[in-house]
Amino acid sequence: MNNQFKKGVLDLCVLTILKKGDSYGYDVADTLSSKIQMSDGTVYPILRKLAAEGYVSTYLKESQNGPPRKYYHLTDLGAEKLTKDKQEWDEFSQAVKGILEDMKT
Amino acid sequence: MTKKEYLDKLTRELGSMSYNDVKEIIGDIENHFDESALAGKTEEEAAAMLGDPSELAADYKDGMTFPTIMKKKEQKAAKPAVKEPTSATIAFVVLITIFVAIPAWVTLLGIILGIVLCELGVAAGAVALLLTCWTYGPFLTSGLLFGLTLLFFGIFGYAVSYFSIKYFIVATKWYIDSMKKVWKNGI
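Line by line, the protein sequences are chains V and D.
Heads up: the first sequence begins at 97 in the numbering used here, then just goes up one per residue.
Heads up: the second sequence begins at 1215 in the numbering used here, then just goes up one per residue.
No lab work stands behind these hints, which were simulated from the structure alone.
There's no promise every hint is true.
[As the list claims (entries may be wrong)] Over 12 Å on every C-beta distance to chain D, these chain V residues come out as not near it, computed from the model:
#  : residue
1  : 108
2  : 109
3  : 117
4  : 123
5  : 136
6  : 155
7  : 169
8  : 182
9  : 184
10 : 188
11 : 190
12 : 191
13 : 192
14 : 194
15 : 196
16 : 199
[As the list claims (entries may be wrong)] Looking from chain V toward chain D, a few residues come up when the C-beta cut is under 7 Å (computed):
#  : residue
17 : 121
18 : 135
19 : 137
20 : 140
21 : 145
22 : 147
23 : 162
24 : 167
25 : 175
[To be verified] Pairs of lysine-lysine residues, derived as DSS-like cross-links and limited to a Cα-Cα distance of at most 30 Å, are as follows:
#  : chain 1 : residue 1 : chain 2 : residue 2
26 : V       : 131       : D       : 1217
27 : D       : 1217      : V       : 103
28 : D       : 1217      : D       : 1237
29 : D       : 1395      : D       : 1380
30 : V       : 157       : V       : 116
31 : V       : 116       : V       : 166
32 : D       : 1398      : V       : 157
33 : V       : 166       : D       : 1395
34 : V       : 115       : D       : 1398
35 : V       : 102       : D       : 1223
36 : V       : 182       : V       : 102
37 : D       : 1237      : V       : 166
38 : V       : 115       : D       : 1275
39 : D       : 1218      : V       : 103
40 : D       : 1255      : D       : 1223
The beta carbon of each residue, even a glycine, is placed where N, CA and C say it ideally should be.
Make a model of the complete structure from these sequences and hints.
Next up, the structure:
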């Protein structure tokens, strides 16, 4: 799939995953790359950007069998952004779908 | 590519970023390798799944460009979003305003008006006394003294009314501001 295509929507996917609960980088990457064809690395710049913009916060948490994990938590601001972006995406994808279906007939 | 090769290449590609940024990013990716190892992947597999380090570096750079900094500022400025006041807040502001603030305000206004009027009378009286002092005859000294006393009293009254009006305005502003704050942020 076209890379430029994915980039914008991946932010939305990452925010959605974090809405379900706090998570760490590897887990987010694993969840996403199991569903969307993409490099694991892609999520890290996204997480970093979201943190810089205040949409997610980070904290360290001990893990049972490895180094402490950096967890990401969706902030109120992030939750707001998620609601807004999701609505925009829904409208946009509906519109695109409509256009593509018109083309078929 | 091994973990070390991957991280070295990534560090080189990130080149222009600050030391702290690079350190954090490398830490994140290093952790990813460690987690991958725990999940039973080899370093080569983990590196392949992470994708090309130069692409990753480019993604990091994309995310950290000027617009990000601008957005951060805009969000900070936009953050005090208008919160709907709760019913408790409304009740608090309305009750305090009606039963405490307005009576106190009217009372103070009355007192100040009284002071100002009194002061005007005193000053006018003093000036009139001083102007007509040549008609006092034998009572000139006492009349002058009385006139001067009244004049000083008038000046004193002027100072009192000046400050009371000033602080009355300041207090009114403060009250309105603090009620606005309560309205916005809750009690």
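Can you name, in rising order, the numbers of the hints this structure does not satisfy?
Violated hints (numbers, rising): 4, 5, 22, 24, 25, 32, 33; every other hint is consistent with the structure.
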